[in-house]
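Asks: All chains should be built: construct the whole structure from the sequences, respecting the hints.
In this text, residue positions in the sequence shown follow the UniProt record's numbering: the first is 1, and each later residue adds one.
I should point out that these hints are in silico values taken from the structure, not numbers from a laboratory.
Backbone N, C-alpha and C fix where the C-beta goes; we use that ideal spot for every residue, glycine too.
Taking lysine-lysine and the BS3-like style, the derived pairs with C-alpha atoms no more than 25 Å apart in a straight line are:
{"#": "1", "residue 1": "LYS100", "residue 2": "LYS298"}
{"#": "2", "residue 1": "LYS294", "residue 2": "LYS194"}
{"#": "3", "residue 1": "LYS8", "residue 2": "LYS142"}
{"#": "4", "residue 1": "LYS147", "residue 2": "LYS42"}
Label-pair restraints from in silico Cβ distances:
{"#": "5", "residue 1": "ARG59", "residue 2": "PRO159", "range": "43 to 53 Å"}
{"#": "6", "residue 1": "PRO153", "residue 2": "ASP50", "range": "32 to 42 Å"}
{"#": "7", "residue 1": "ASP70", "residue 2": "ASN240", "range": "41 to 51 Å"}
{"#": "8", "residue 1": "GLY38", "residue 2": "GLU241", "range": "47 to 57 Å"}
{"#": "9", "residue 1": "LYS273", "residue 2": "GLY151", "range": "19 to 29 Å"}
{"#": "10", "residue 1": "ILE3", "residue 2": "SER96", "range": "17 to 27 Å"}
{"#": "11", "residue 1": "ILE242", "residue 2": "ASP204", "range": "16 to 26 Å"}
{"#": "12", "residue 1": "ARG146", "residue 2": "ASN240", "range": "41 to 51 Å"}
{"#": "13", "residue 1": "GLU67", "residue 2": "VAL158", "range": "33 to 43 Å"}
{"#": "14", "residue 1": "GLY151", "residue 2": "PHE95", "range": "19 to 29 Å"}
{"#": "15", "residue 1": "THR57", "residue 2": "THR138", "range": "30 to 40 Å"}
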Amino acid sequence: MIIPPYLKKGDTVAIVCTARKFFPEDAKPAIELLESWGLKVKLGSTIGKDSCQLGGTDRERAADLQEQIDNPNIKAIWCARGGYGTVRIIDSIDFSSMKKHPKWIMGFSDVTVLHSHLNTLRIATLHSIMPFTVPRATEEVKETLRKALFGVPIFYDVPSVSYNRNGKAKGELVGGNISILYSLLGSKSSINTKDKVLFIEDLDEYLYHIDRMMYNLKRNGYFENVKGIIVGSMTDMHDNEIPFGQNEVQIINEITKEYNIPIAFDFPAGHQKDNRTLILGSQVEFEVNDKEVKLQFKN
1 MIIPPYLKKG
11 DTVAIVCTAR
21 KFFPEDAKPA
31 IELLESWGLK
41 VKLGSTIGKD
51 SCQLGGTDRE
61 RAADLQEQID
71 NPNIKAIWCA
81 RGGYGTVRII
91 DSIDFSSMKK
101 HPKWIMGFSD
111 VTVLHSHLNT
121 LRIATLHSIM
131 PFTVPRATEE
141 VKETLRKALF
151 GVPIFYDVPS
161 VSYNRNGKAK
171 GELVGGNISI
181 LYSLLGSKSS
191 INTKDKVLFI
201 EDLDEYLYHI
211 DRMMYNLKRN
221 GYFENVKGII
231 VGSMTDMHDN
241 EIPFGQNEVQ
251 IINEITKEYN
261 IPIAFDFPAG
271 HQKDNRTLIL
281 GSQVEFEVND
291 KEVKLQFKN
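Replies: Below, the structure written as structure tokens:
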């Protein structure tokens, strides 16, 4: 796994749209945050572009991302917001320079497309808040991103919940948004979960959709040799007028019950205010017991 160089004061971070549109005035909190860390900021050409839902046409978004990837002065790329659209440009991007001169790509939600694709290229990424979510992020959450970017060790110790499954695991951390992982199955961007610790989260889905996606992941071997599962926030789940009969926790526990692996629910990452940074591609030590959930990043 290629771990991009950690940042130092004076480095430049580019903010780009790979999916939904985002405007310069909305970027101010993120710019102020980066500058408070001693970093410089470059707004990509897609910031301010308006193509219906998207931050520019597919060609414009691909060109902006490619420019930041190829620019040696850009040390990290922060995706402005999620939504939908990154998969429309992923096959247009040449990542060859990333292998020679890796740089951090940051974000969550739809950015799972980039996380997954770069994982297949063996390049680590940061599952983190985005400029769009900076205004509602806590100081603690912002600090986790700063630490990850500057190479300060990260360790999470959070209270356990009664429906967790206890155990210990070691492996490479992979994953992201379930809907995106599901949509990438069968493509060259689909991750390999063998001997990995899998992180999943989602937003605004019907419970039967979660069931369908989890079953499809299972049928594609996602859980066969996985070492453990971390379930982040499952925010704003919906049910039909005729209830599905299981909530998201019951669905995940039922589908994974045959595997002897630790599972932690309600981990503070995903579509919620407490969205702590995860280093995807990092080796981790993961432990679940009756009192706490521990996650230690080793890179």
